[in-house]
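Q: Here are the chains, one letter per residue:
There are 4 protein chains.
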Amino acid sequence: MQVDLDKVKDECGVFGIYAPNKDVARLTYFGLYALQHRGQESAGIATSNQNDIQLHKDMGLVTEVFSEDVLAKLKGSIAIGHVRYSTTGSSLLTNAQPLSFRYMRGMVALAHNGNLTNANELRDSLGATGSVFQSTTDSEVIVNLIARYGQNPIEDALMKCMIDIKGAYSLLVMTEDKLIGVRDPYGVRPLCIGKLDGGYIIASESCALDTVGAEFVRDIEPGEIVVIDNKGLRSIKNLCSSRQALCIFEFVYLARPDSNLDGINVVQTRRQFGRQLAKECPIDADIVIPVPDSGIAAAVGYAEETGIPFEEGLMKNRYVGRTFIQPSQEMRDLSVRLKLNPIKSVLEGKRVIMVDDSIVRGTTSKKIVEMLRKAGVKEVHMLVSSPPILHPCYYGIDTSARAELIAAQNDLEAIRQHISADSLHYLSLEGMLASMGKQPDCFCNACFSGKYPIEIPDFKHMGKYIMETEVKHG
Amino acid sequence: MQVDLDKVKDECGVFGIYAPNKDVARLTYFGLYALQHRGQESAGIATSNQNDIQLHKDMGLVTEVFSEDVLAKLKGSIAIGHVRYSTTGSSLLTNAQPLSFRYMRGMVALAHNGNLTNANELRDSLGATGSVFQSTTDSEVIVNLIARYGQNPIEDALMKCMIDIKGAYSLLVMTEDKLIGVRDPYGVRPLCIGKLDGGYIIASESCALDTVGAEFVRDIEPGEIVVIDNKGLRSIKNLCSSRQALCIFEFVYLARPDSNLDGINVVQTRRQFGRQLAKECPIDADIVIPVPDSGIAAAVGYAEETGIPFEEGLMKNRYVGRTFIQPSQEMRDLSVRLKLNPIKSVLEGKRVIMVDDSIVRGTTSKKIVEMLRKAGVKEVHMLVSSPPILHPCYYGIDTSARAELIAAQNDLEAIRQHISADSLHYLSLEGMLASMGKQPDCFCNACFSGKYPIEIPDFKHMGKYIMETEVKHG
Amino acid sequence: MQVDLDKVKDECGVFGIYAPNKDVARLTYFGLYALQHRGQESAGIATSNQNDIQLHKDMGLVTEVFSEDVLAKLKGSIAIGHVRYSTTGSSLLTNAQPLSFRYMRGMVALAHNGNLTNANELRDSLGATGSVFQSTTDSEVIVNLIARYGQNPIEDALMKCMIDIKGAYSLLVMTEDKLIGVRDPYGVRPLCIGKLDGGYIIASESCALDTVGAEFVRDIEPGEIVVIDNKGLRSIKNLCSSRQALCIFEFVYLARPDSNLDGINVVQTRRQFGRQLAKECPIDADIVIPVPDSGIAAAVGYAEETGIPFEEGLMKNRYVGRTFIQPSQEMRDLSVRLKLNPIKSVLEGKRVIMVDDSIVRGTTSKKIVEMLRKAGVKEVHMLVSSPPILHPCYYGIDTSARAELIAAQNDLEAIRQHISADSLHYLSLEGMLASMGKQPDCFCNACFSGKYPIEIPDFKHMGKYIMETEVKHG
Amino acid sequence: MQVDLDKVKDECGVFGIYAPNKDVARLTYFGLYALQHRGQESAGIATSNQNDIQLHKDMGLVTEVFSEDVLAKLKGSIAIGHVRYSTTGSSLLTNAQPLSFRYMRGMVALAHNGNLTNANELRDSLGATGSVFQSTTDSEVIVNLIARYGQNPIEDALMKCMIDIKGAYSLLVMTEDKLIGVRDPYGVRPLCIGKLDGGYIIASESCALDTVGAEFVRDIEPGEIVVIDNKGLRSIKNLCSSRQALCIFEFVYLARPDSNLDGINVVQTRRQFGRQLAKECPIDADIVIPVPDSGIAAAVGYAEETGIPFEEGLMKNRYVGRTFIQPSQEMRDLSVRLKLNPIKSVLEGKRVIMVDDSIVRGTTSKKIVEMLRKAGVKEVHMLVSSPPILHPCYYGIDTSARAELIAAQNDLEAIRQHISADSLHYLSLEGMLASMGKQPDCFCNACFSGKYPIEIPDFKHMGKYIMETEVKHG
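Note that the protein sequences, when read in sequence, are chains F, D, S and G. Under this note's numbering, the first residue of the first sequence carries the number 439, and numbering increases by one thereafter. Under this note's numbering, the first residue of the second sequence carries the number 439, and numbering increases by one thereafter. Under this note's numbering, the first residue of the third sequence carries the number 439, and numbering increases by one thereafter. Under this note's numbering, the first residue of the fourth sequence carries the number 439, and numbering increases by one thereafter.
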């Protein structure tokens, strides 16, 4: 359990490589390390030596799960890996990925980032005709669908799966001799292709390509299937999307600043959010400080635009490793102080603009404002570089249930009072979309607007879903 | 890895209990403890609290796998348990039982003693229509068949399974609210019913009933399905058997002496084998000694019939626990000496009749004869209380491949020379069958006669099967 | 449309023959001719020449459907035939039998007498997993089940079908090289085996064996599958029945007097009903007359027991052929007079006891009594040689919906008044059962007692079923 | 059987209409009448009244199959119709279309123009998992696939079907409330959309739209699914084609001159073939005559380009109706004379250029040349407005087996001698493609070039296929 900083929960990251004559397991290890910010609860790597598939996965950070010994046993020319955010519970390991299974055409491994909105429906339908399940993940539903379409080559089977499954998915599938990347028709989650010495890589974010020294080739398109085998790379563009809907929250918080998603640089976008915020909410103050790390880029943008000096007023104690201790409510109170430390010399007597990327429950913001006041600031103006989160996400990130979203339950003034700031401002949705440098309807912004691009489960299911919203993820 | 005493490998034991208001996990623990002789490699218990199924299993002896803590978590009113003989290998835990799964009608757990002869065929057929497999056990085939017949109530699904599966099986199936025992139409493996304070038990051998203080009710009949739920016990006799074919090797070696199988007492039968041996092979000698423990009853019978004094000439070091050290060839040589110790004072200068239940590869017999000679015996006459093992078993016990069976490759004189005995005699098949007190054709004696009562895989498959014969078991 | 004599509708008759070197189509033609009383609406014969299956079927009587030309084309060594009672309608031919189809193991033809009580449920279940239907018969459900179990040999597939299907069925199945007879576990409909010059016959009633010169061998037992091929005849007794439940109405009306069903002679049984009726209802009268033909045997028995003279007071105009004219209500009134003619010389001035086998709606009885009065009888005492029909049949005969059953809606006196008889008496259920010469619980008497031996569809479905009760049949 | 003029066999034509408040059956009748040239052996119409589907089909021409009475019974707001070329045989009616069936989502009817190249494979695969077949048509395979994907809405089911089926297909599917048109990803067979008073039509050729007074909207694109229901028309472009491959033979012979296929006018194209032929083969002659009707447009083009006068030298006796007489070899000789009559006054003493669209076996050409010589021509130069047919078609037209194709077995000079012409010239493939006014690779020209755009069955199957080539069609 990581210290809870009241952030939107990271989801999952995937990394795959097809590179005969390379140590694919080791490269995947480094790729997952670069994607660790997308999931810290479990990690796994499966490799294929063109004949058989080996798998190792466990709870923990990438550095905890894999040792030299383990990597040495993961031989082969193809690998896929997965990092996962996951809540605690006894069934955790069962739900870790990649999944590995044998079906009529041989062994297959699968790693999934995203969330299917019709997984229950499909599980019922598969169960009704004889499928057996070990876990409750939506990924096991995909496994069984692939097997049902086993009369078809794996590419055709995946095309049929894409007709069945609804929701967000960036998927890596490895057979004994192929690496396949699949992105849902809306392209909600990112997925990109890299090249390395004649081999290929498919990864959630471009930063993972940089880490292993690979060259960025292109993003996988919404609805595209990319197949890599000994004949090279080929693309199957089967399902047409009515529109792309890349998750805008990837730019707010989820993705690493040094990644490019569908051609858009993350850190530049965050700075632009800050500049836009400056235009929308000009405030008279002495310094601009970020809530590290996610608020830094927007704070820099704000400072640039306004000329108010940027300062590091809060120092972060970088957390490493994984503890098994469950957080008590008391710990939650402690947790912010364990993680962030105000620098009195910077703050004392100042009118401070504090920039953060988002507010979920508001608990952390409240504590930080408290800390700042204790550190002697005169005024605290909180600026948020995204709009209020009003709606839950059904596409693979854990925004908490609606009932816990502070902005869904309170108006602006009530939130300001709750966090005890002198003023509180959010970036407008229009301002955010204008900052993206692409048509607004290229992005999913359902958590802000409630406009869900992909069909979500009906109300009855949604009720159930909301109950489980902290368990379901990907 | 147990010290290898060159015995036919024990197979599996199952124990199930339906007893609301009892600590079913603990009772199953003791039941499995009583059946430990049927499998020492892995152990597992699944319990149902009428709503959900919990499972714990691991490699090791019953006493190693279960602790108070673990048993405390296995709550419920129904339980099934399994002990398994299994070869070493990385996939061991995957193959441990009970298996537990979710299908369209809910959770099911399954424990299987026996071996299906058409498992590969069924696995191919299920795979061809979309089933996914995690292991290579024949039990997972049964799991998937049950799910395929999920439109039917579990009893009807099992009736259909029995039409599909060929081979030997004594099966325990537990749903959320039922305990079901199934015995194949030939009744190859034993399975009996007991009663305990209004609850019911189904177990491989009657000795397990005694251990938990239950009263023996009856054996499950060949082809019978017995269902126990809150309405009591009912029987479905669906498949008629052309003949019963209880495994005669259960009486030679596998079962515990204090068990009764299909109405026949094991220890009495073994004594009768010894008496019959005395009639067939009267030998002039000073003492009769058994190879402990399996030769004791027959040695007693032989001594009774001939009047030659019975003596314990070999002391056994009781083995406890499980080591992970792989046996090297060198160890195999050592292993007999680690296990058996000749008592010089008893043996010195004597003409000795040594009685053992069977000879598989002959390696142990050779070492024991050597030991006896070093201990100063004048003559060693080896008597075997069963006929030569000439054929492999396809019904769930591991007699080793035909190539390793000393009697399949050598005549009597060659075996005698190999083990360096002064004389060697086997019980005749006729003599053995005459000792059973039932019609001879009630028993499977294929390992001696090559007459397989149930269809076995064809030659091509058999070839493959023989290769895997040390891996496949139940 | 036959003239409606207000009788329980005949159901279906089946005839199969395995006889290399015989003209099996012609023999089947005569066999169906003998069974014509069991169904007059459609007829069909399928033959197999060990390679392929030919089929001819049409609406009409056996003599109308088949010509020399047609029979000449139906070559082979195996044949099955079917006569069917069926209501009129555009879909008639689709529902005629035998059905013929190709599945993974080759061609199959099927003829069915009876009614499945869970056909809708099974059709839904098959449809839900991809089956396609051409008709609404329950027989097409069996066809699709056989195909679903196509991985199994046909005998095993039928065993599985018997686990799925509920209700009454006497079934003939012909593959390219086998003739198979199946009788449901309750044996509701009759089915018997005959022998002819080394060949075998399976038929609904023994009278069909007599007609083709075959020797009666035995009845097929409840739950038995009989397979006839070039290795001879073998029996599979797979499903145990909790009890036999032969339809007692076969003895009242449906079967031909010269048949023996499960060892009981039909005409003798009907006479015994008459004798029993004499004991239960002694009436002072001048003559006993039957309603021909079904009342004859009981009238003879009554006359024998009482000494009152038996006379033929009503002459029947034997009906031949099939008209397509739909009966108007007016025609119904006319129809009795077209069919039955009172013989004045016999009846005039007499006190008459009129014996019939049963009363369904009462319309015919009313007309006959009227006729008799016009013919000058002094008194008419109606005796019915079975108890009042109070409940619909779900096992393959068409007793009309409950709302139309006069006895279900009226008491004895009301019925008497309706038909204007001087007195009216039914045989008691106890008296009937006592006349059978077997344990009473060997018979299904649900139409009299409401005690259904086999699960019937639940109330909701039953409601629907009653609506369709004149369409569904077998 | 039509008089055999040694032409490539017409294949099938389809016509569908969605038009509430119109007499859809009657409009379909006229549509099929306009498409009669695409198939003269059987005709059928299915209509849906939004609740149920009615179907009438029979052997014969459209005018023979349908009467006022029959049309009157085919009520509804949607209809699909089919005309089929078919060889004679007992199973003809079984194979006639539309097919109609009930599956889990209700009633469906289907009409298919084209030929699947993997129908046997799919039939085996469906059969292996329980499908039952009544016919051997590839269309029944599609029916069963739709039912297998019955968990999906019909559009999604069709998308999955398109992943499974290979070959050429222009498909009409009618459910109770939808009309759906599907064209294979190569667009081998034509299919276009028309509009009529707010209703929609889908037809094989635009001439059918003209006939019923509908306005041409557009062609259905390769790989497109067009769905018409009460919400209007929507398009699903699911499968991308690597390339279009419209059958070029549609322009040579199959389509009606007044149709436009994928934007290309048929008669203009044929004229252009004639003009191109003039450039490639300038011949000194007195007149240009066509073999009517198929040679007319090319002859006109040739005359235009060369200035040589166009004359009608052969008079055609228009054939009406269908006879059941099988053609004997003798009849084949007679048949040309029954059909074509040389006009002596036009021909006598002339040097004649005779233009035909193609030569299949060469038998008709030979007879015509003979006729012309008898009519007194001085020279006969035969020009063929397409290249030699060297390869069989696997995509739905019957070019006869390779062994019968005169050009596949003989060189140009041998063919000239066979038909006794003074000279013989074919249009070059390059010249033909240059005449199309589109990129050459937009067309399938496999019958000329042997380059098959869509995977064909492997050699072993092809062997079998060639054997059946005159039976299989669409």
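Please note that the accuracy of each hint is not assured.
A pair counts as met if it fits within one copy or between any two copies, since identical chains are not told apart.
Quick list of in silico lysine-lysine cross-link-like pairs, DSSO-like style, CA-CA up to 30 Å [what the hints assert, rightly or not]:
(1) LYS777 - LYS616
(2) LYS777 - LYS804
(3) LYS876 - LYS675
(4) LYS889 - LYS754
(5) LYS889 - LYS675
(6) LYS889 - LYS816
(7) LYS616 - LYS675
(8) LYS669 - LYS889
(9) LYS812 - LYS754
(10) LYS777 - LYS669
(11) LYS616 - LYS669
(12) LYS669 - LYS513
(13) LYS754 - LYS669
(14) LYS812 - LYS876
Just so you know, the hints here were simulated from the structure itself, not pulled from any lab data.
Q: Checking each numbered hint in turn, tell me which of them this model violates, lowest number first.
A: 1, 4, 6, 10, 13 and 14
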